[in-house]
Amino acid sequence: MTKRSFLAVMLLVVPLASLPGPADAQLLMNGAGATFPYPIYSKWFEEYIKVDPEVRFNYQSIGSGGGIRQITERTVDFGASDGPMTDEQLKKAPAELFHIPTVLGAVVATYNLPGNPQLSFSGDVLADVFLGRITKWNDARIKALNPSASLPDQPIVVVHRSDGSGTTYIWVDYLCKISPEWEQKVGRGTSVKWPVGLGGKGNEGVAGQVKNAPGSLGYVELAYAITNKLPAAKIRNQAGKFIEPTIESTTAAAAKSMPADFRVSLTDSPGPEAYPVASFTWLLVYKDQPNETKGQSLVKFLWWAIHDGQKHPAALLYAPLPAPVVKDIEAKIKQITFSGKPLLAAQ
Amino acid sequence: MSSATRRFTSTAMGALTLAAALLVICPLLLIFGFLLYQGAAAVNVDFFLHLPKPVGEVGGGVANAIVGSLIMIALAVSLGLPVGILGGVYLAESRDRRLPWVLRFVADVMNGIPSIVFGIFAYTVVVIPMRRFSALAGGLALGLIMVPIVLRTTEEMVRLVPNALREAGLGLGLPQWKVSLRIVIPAARAGIITGVMVAVARIAGETAPLLFTALGNRFWQQGLDQPIAALPLQIYSYAIAPYDDWHRQAWAGALVLIALVFLASLAARLATRGRAVAR
Amino acid sequence: MAAESTAGAGTADGLSFPPRAISGRRAALGDRVYTVLVLASVWLVLLLAAGLVAALIWESWEAIRTFGFHFLVTSQWDPVAGEFGALPFIYGTLVSSLLALLIAVPLSLGAAIFLAELAPSWIRPPISFLIEMLAAVPSVVYGLWGIFVLVPWLRDWVQPGLGRMLGFLPLFQGPPYGIGMLAAGMILSIMVVPYITSVSREILLAVPGSQREAALGLGATRWEATRMAVLRYGRSGLIGAILLGLGRALGETMAVTMVIGNRPEIAASLFAPGYTMASVLANEFTEATSDLYVSALVEIGLLLLVVTVVVNGLARLLVWSVGGPARGGRE
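Chains as they are written, first to last, in my numbering: chain D, 1 to 347; chain U, 348 to 626; chain B, 627 to 957.
Treat the hints with care, as some may be off.
To be verified - Pairs of lysine-lysine, DSSO-like flavour, derived with a Cα cap of 30 Å:
1) D:K177 to D:K193
2) D:K256 to D:K50
3) D:K50 to U:K525
4) U:K400 to D:K294
5) D:K211 to D:K241
6) D:K311 to U:K400
7) D:K143 to D:K241
8) D:K229 to D:K211
9) D:K143 to D:K211
10) D:K341 to D:K287
11) U:K400 to D:K300
12) D:K211 to U:K400
13) D:K327 to D:K341
14) D:K229 to U:K525
15) D:K300 to D:K334
16) D:K341 to D:K91
17) D:K300 to D:K327
18) D:K185 to D:K241
No lab work stands behind these hints: they were computed from the structure.
Chain D on its own, in the form it takes in the complex (with noise of 0.2 Å):
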């Protein structure tokens, strides 16, 4: 009869999924957190298995947001988020968290015109798109930038992000640090009034309507640019020049003093090959462990990905940090503790 088969399927399966799966043995580290960095996390955590093939690392991305809430509530060992917590955040944490900066990744304003031009902008004339003041594509400021592209008459169909997120938040911090009447009308977070424009759901949401409405215009990850075999605009820095969304343009932003704890903002950076949309991803962990085993797998792994793990974010379009920063990282990494001993010492 149908209830009795149910059940007894039921319970053999239930009693069946409790058991371990195959290579149980090792310890399990559960992330979450940012969208962006997964790529490389994902690849990183799959080379670590070789390295240490007692732990696991298990991450998952729900979010900025959603990582640095997890953290809080400590249901995971470790977060990440694109942006760096507020004071108001850290406050609320039951102790104090680092922020240990892994890859850089850039934010493109990427656009769909005829003929495919590579288009210069900058900085308060990408604002003006955004804020709806600039409202075609042949304006004179945006002529002015492009004197030998050709710009249809048409109306510039702004693209955003719906979601909340850690590139929205990059891309808006940029705008605030150019424009004052940005930073005044709309400010800056991962989730802002939009004054204009059409919401699209990720960054393959925003990739893909670019790509497939003509006279858009739109901000997306490098990646998904250069997948999605989308054009990226040169926008210019604090130094004035045009720098084109390159790898090595986004590690040179990282080129500036650092703060003791990392929670810094790249964009604009001073830097004269830096690329002015630029930013950390960093990982949330806490500065006194809860568990030693857990503690030291942590701090094997951070010490790792910030040095031999740094051979591969380039293969995947993220920028590896720069050889100062890594110092400093280094520096930081040393004072995870257990129980008031620092634990990568002990090793």
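Following the hints, position chains U and B against chain D.
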């Protein structure tokens, strides 16, 4: 109305309903075609047997996600099936005035709540106290989604069982509980199974509630109280990434998911075959 | 509303709940256990639902306190400034679901009638199966299919066409983005069809053959027999199927948010982008930082619950007013 008009109407309505059925199948074929076109290349033996691999490496699969989804569906069904069927029978058979009305209303409302809300509820009630993500929390969230669907469809099916069957059972001296369990429910069996399979199909594809409960796992799960992989989560992660290789795996994962639900549905129908209500 | 013996509303004429034993002690025990189990299930559902509502109210209390009634009638959604208003989302949810039902209900019922009444018996299982499988497609796949296939089709063919032919109606004005309310309504209708069709098909199949035969015996054509005997008999079940589909439409998140444009504005045109309650919840919940922000989002979840309650209430009124006098049964 002349009989010629009536016959014409009858034929016309027949044609219209046929057209409706064809229109309904159209998007289905389009979507399946799309999935096959995009993902068929990625479905191979590795896909079923291996764990996920990072971008660019061949041989990655969704084995743990398949098992994880099966486990959580089993958990959800163990909550949703008995509660839903018994509740549905109650709604159909009770002569009470208020309680059935309340239950029916509550079930209809539950059907309209976005699945993410159930996920948030399971997060508050299971994940936070346990201080970890787990298959149990995921199973609870999915089970909650399942209950109202099974409940309402069971009610409607049991209602349609003719009284003659019930009276025959009572006339033979069977106690009422046996009449319900042994006669009424089997008579409505086909319809109930449809309701259950529709509910299972729905929860098999749910992503949002699992984000906060099961979390997802790149490796084999190590117990019901640990994060666990699931097909829709894996599909979602792959689909929103920038790499074509992962996109193909997302489509392939969707194909596998649909195929699994198809097989489960087939199995359920075969297992419960038999003449239901006399027509 | 007594359980009169009408044309088989499946009411328990011979059965009552809780059951009264008629054959001895073992039967009494069986009835007791049965009663306990059934009532336990009922109360479990009610308790879980109550717990859910309580959790929602608890979490949204801060927003309720801060914004009060204004939350329902303001259109501002500014996370940075901390100003939140839910009106555009309520509008978006109602319009997209209504559009979805307008498209899905006639098609689903038509298909269900075809499958249950008119199709040759060898066609019925495969097609029914195919339609049920549509329900298994994950919503993220619907969303992606929407972006890659549906939206370009709308943008390049359907919307310009509609704009030319029916552009005098405010419903069809505005630039053809492709993305927008129309795309959301169409995707929702596709997602809702399998539920309504499958359940309706089962309802119609379960109608006793005697009803049909009686009508045919009286000289009705095939369609008339279907209309008068089968559809009327199964009416409450069909309404239930439609409500099931409506529930799905109201609560759908992923697929809708990928094609609706996510713009919290109220616009008359179907071509314009919009935003639904479920979408904003899915989009912003994982990233919401401040407590007020989270609270406002949870209040949107609560409002969705209220909207669902109101819509269901209206649907029940509709059923009762249409079906009441003719049937006299419950429902």
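Tested hints:
1. Simply put, D:K177 and D:K193 have alpha-carbon atoms about 17 Å apart, close enough for the 30 Å limit, and the pair holds.
2. Note on D:K256 and D:K50: the hinted pairing is violated, with a Cα-Cα distance of about 34 Å set against a maximum of 30 Å.
3. Between D:K50 and U:K525, the direct Cα distance comes to roughly 61 Å. Violation of the 30 Å bound is thereby established for this hinted pair.
4. This hinted pair checks out: U:K400 and D:K294 have alpha carbons roughly 24 Å apart, not beyond 30 Å.
5. Under the criterion of a C-alpha separation no larger than 30 Å, the hint pairing D:K211 with D:K241 is consistent with the structure, at around 28 Å.
6. Distance hint between D:K311 and U:K400 is fulfilled; the C-alpha atoms sit about 18 Å from each other, no more than 30 Å.
7. Distance check on the hinted pair: D:K143 and D:K241 sit about 17 Å apart at the alpha-carbon level, within 30 Å; holds.
8. Note on D:K229 and D:K211: the hinted pairing holds, with a Cα-Cα distance of about 9 Å set against a maximum of 30 Å.
9. Our distance criterion of 30 Å between C-alpha atoms is met by D:K143 and D:K211, whose separation comes to about 22 Å.
10. The suggested pairing of D:K341 with D:K287 holds, with an alpha-carbon distance near 11 Å, which does not exceed 30 Å.
11. This hinted pair checks out: U:K400 and D:K300 have alpha carbons roughly 22 Å apart, not beyond 30 Å.
12. Straight-line distance between C-alpha atoms of D:K211 and U:K400 comes to about 28 Å, which keeps the hinted pair within the 30 Å bound.
13. Our distance criterion of 30 Å between C-alpha atoms is met by D:K327 and D:K341, whose separation comes to about 21 Å.
14. Pair hint D:K229 plus U:K525 does not hold up; C-alpha atoms about 66 Å apart against a cutoff of 30 Å.
15. In summary, the hint linking D:K300 to D:K334 is supported, as the alpha carbons are separated by about 10 Å, within the 30 Å threshold.
16. Straight-line distance between C-alpha atoms of D:K341 and D:K91 comes to about 23 Å, which keeps the hinted pair within the 30 Å bound.
17. Distance check on the hinted pair: D:K300 and D:K327 sit about 16 Å apart at the alpha-carbon level, within 30 Å; holds.
18. A C-alpha spacing of about 28 Å is found between D:K185 and D:K241, which places the hinted pair at or below 30 Å, so the restraint holds.
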